[in-house]
Amino acid sequence: MTQNQENLLIAVASGKGGTGKTTFATNLAWTLSGDSDRVIYMDCDVEEPNGHLFLNPEWSAAREVKVGIPIVDQDRCIHCGKCGRICRFNAIADLGTRVMTFHDLCHSCGGCMLVCPVQAITEQWNPIGMIRRGHSGALSVIQGELNIGHPTSPPVIREVKAEASGTGIRIIDCPPGTSCPVMESVKGSDFVLLVTESTPFGLFDLRMMVEMLGLLKLKLGVAINRKGLGDRSVYQFCEQRQIPVLMELEDDRKIAEAYSRGELAVVSFPHLKERFRKLMQAVLKRIRT
Amino acid sequence: MKEIVIISGKGGTGKTSLVASFAALAEAPVIVDCDVDASDLHLIMDPVTLKSEEFKGGKLARVRTGHCTACGKCEEVCRYDAVFFDGPGNGRVSRTFRIDPAACEGCGVCHWFCDYQAIAFEERIGGRWFISDTRHGPMLHALMSPGAENSGKLVSLLRMKAKELAKAKNREVILIDGSPGIGCPVIASITGADHVVIVTEPTPSGVHDFRRAADLAAFFHITACTVVNKWDLNRELTELIKEEADHRGIVFAGTIAYDNIVTEAQLSKKSIVEYTQGGIARQVRDIWTRLGQTMTRNQP
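Those protein sequences? They're chains B and F, same order as listed. Residue numbers for the first sequence follow the numbering used here, so the first one is 1 and each next one is one higher. Residue numbers for the second sequence follow the numbering used here, so the first one is 1 and each next one is one higher.
One or more of the hints may lead you astray.
No farther apart than 25 Å at their CA atoms in a straight line, the calculated lysine to any residue pairs in the SDA-like style are these [stated by the list, open to error]:
1. Lys56(F) with Glu274(B)
2. Lys153(F) with Leu215(B)
3. Lys2(F) with Arg124(F)
4. Lys217(B) with Pro127(B)
5. Lys219(B) with Ile148(B)
6. Lys82(B) with Glu122(F)
7. Lys269(F) with Ala28(F)
8. Lys73(F) with Gln119(B)
9. Lys217(B) with Arg79(F)
10. Lys51(F) with Ala102(F)
11. Lys56(F) with Arg88(B)
12. Lys242(F) with Trp288(F)
13. Lys153(F) with Pro127(B)
14. Lys161(F) with Leu50(F)
15. Lys269(F) with Phe252(F)
16. Lys73(F) with Gly188(B)
17. Lys66(B) with Asp81(F)
18. Lys59(F) with Leu43(F)
19. Lys161(F) with Asp133(F)
20. Lys269(F) with Pro200(B)
21. Lys187(B) with Arg124(F)
22. Lys187(B) with Ala102(F)
23. Lys153(F) with Ser36(B)
24. Lys51(F) with Arg171(F)
25. Lys278(B) with Thr122(B)
26. Lys66(B) with Ile78(B)
27. Lys167(F) with Ser52(F)
28. Lys56(F) with Asn90(B)
29. Lys163(F) with Leu105(B)
30. Lys161(F) with Arg124(F)
In case anyone wonders, no lab produced these hints; they're calculated from the structure.
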């Protein structure tokens, strides 16, 4: 093992779902954890956290993620209506005789509480998800999980990232898509690895993702999963946009079957380890230039 | 009128491919792509846009540098770590505050509390939505601006427009392509719908996410069916999903084999049932028939 003083945050993302984010993130993290100290796998796909199914971590700690929602002291309220006016999410409304709150719509911005001139609003902290911490061999695993029925995942994602602060190589498994949960996950990372497949769906969603990352000015590269499937369109796109293709993984039913048994690809097919090491070297080179 | 929403929990299990086939098989459907984050259905449906409108995706705060006195109130009230003290100087102060648009939640609290009118609070464009014509009927779809907020609001808007259209055109079935996950766009696409179809695959992630999607449907009291795609990848897990579906009172609507012909169909911009006749096309037809029977049975 080499002493690793490095502090790296690498996000593994994709626009389209099911292209292999978790496969790349878990296998990369697992491979690196055999070579360096302090490697952390962070499951930020909190709506569907799946990394643990392949890493089988032993959990050592868990805590709830809570968000503040307003509770109104109706007796104290003077019905000035300011809480309803400041709220952009229609989560609180002053009806003149009482104040109604709609907790599902609340974004926990705290505005109503701050604006109330008579301190009639306090916050109640409601659980919306869990953060778990554990180990799988030398690899640290941090997982966020959103409770069923709660619509907003960014607060849970923020907590996963806060839990993993410090030094080390941190690999983020991102949620699919291009909206706020993805923005929250990739924010602040040194590099974003976009996992895609070279199909029309893969290309369309990759393009959306590249546009989003362009706004954030993050460094990025592409990994192509299920190589051999589809056409050359993703390769052409990457060439046009000068986006490096850093790794390819073949479309192999054997890999899909190993995945279906919950096996890490680098464990079932040890020769793949070298490919993930090379991927990391390529990522490091891009980060440093 | 019936709203059928195809969801999956896990991404990439074949929702969109299945919706495209259902669109071809359904009698006079209205088709809606509610997977606004990764809206791929148009790549198969080849829509001709009849109407296009802007979607307002909420607001965004921006520091008007010239007015900023660097008092720090905005940073104090922001709960989203969106305020940074690294904006350019303006003659009075050497550094001003700045708001990161990617982190801004659009709550407007900083704008409200700024004593110097130094924070603008402006409408951000969330994307565009479209009413189009396709070979299988009218289609509602959208293109989100990258990183936009409020995908749930956009989903609700698409569903509302689809219902209006179905009513106006006397169409009985609204087919909705949902998004992966269990969060805000998914909740917006299933609440109040008649049926949810959960497409999954026999992998640990597929099973795990099937359970969460089934829990979500139960949470909102919506009847669910399930389909296992790539069923032959792992027969034991397919069996497990089937048992669990039975146990939960979810109709097991059928299986589709692992077959790269799905990608071939995609490349030729056709749904599976349009691209081929036998094999998995027959399996998809059977599933559609079974769904139809289930829905009639569940009619109130």
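To see whether the hints hold, each was checked on the structure:
| no. | hint | result |
| --- | --- | --- |
| 1 | Lys56(F) with Glu274(B) | 47 Å, violated |
| 2 | Lys153(F) with Leu215(B) | 23 Å, holds |
| 3 | Lys2(F) with Arg124(F) | 33 Å, violated |
| 4 | Lys217(B) with Pro127(B) | 34 Å, violated |
| 5 | Lys219(B) with Ile148(B) | 34 Å, violated |
| 6 | Lys82(B) with Glu122(F) | 20 Å, holds |
| 7 | Lys269(F) with Ala28(F) | 20 Å, holds |
| 8 | Lys73(F) with Gln119(B) | 19 Å, holds |
| 9 | Lys217(B) with Arg79(F) | 23 Å, holds |
| 10 | Lys51(F) with Ala102(F) | 30 Å, violated |
| 11 | Lys56(F) with Arg88(B) | 13 Å, holds |
| 12 | Lys242(F) with Trp288(F) | 17 Å, holds |
| 13 | Lys153(F) with Pro127(B) | 24 Å, holds |
| 14 | Lys161(F) with Leu50(F) | 14 Å, holds |
| 15 | Lys269(F) with Phe252(F) | 28 Å, violated |
| 16 | Lys73(F) with Gly188(B) | 24 Å, holds |
| 17 | Lys66(B) with Asp81(F) | 17 Å, holds |
| 18 | Lys59(F) with Leu43(F) | 31 Å, violated |
| 19 | Lys161(F) with Asp133(F) | 14 Å, holds |
| 20 | Lys269(F) with Pro200(B) | 9 Å, holds |
| 21 | Lys187(B) with Arg124(F) | 20 Å, holds |
| 22 | Lys187(B) with Ala102(F) | 8 Å, holds |
| 23 | Lys153(F) with Ser36(B) | 45 Å, violated |
| 24 | Lys51(F) with Arg171(F) | 19 Å, holds |
| 25 | Lys278(B) with Thr122(B) | 53 Å, violated |
| 26 | Lys66(B) with Ile78(B) | 29 Å, violated |
| 27 | Lys167(F) with Ser52(F) | 20 Å, holds |
| 28 | Lys56(F) with Asn90(B) | 16 Å, holds |
| 29 | Lys163(F) with Leu105(B) | 23 Å, holds |
| 30 | Lys161(F) with Arg124(F) | 22 Å, holds |
Figure legend: structure checked against the earlier numbered hints; hints not met, in rising order: 1, 3, 4, 5, 10, 15, 18, 23, 25 and 26.
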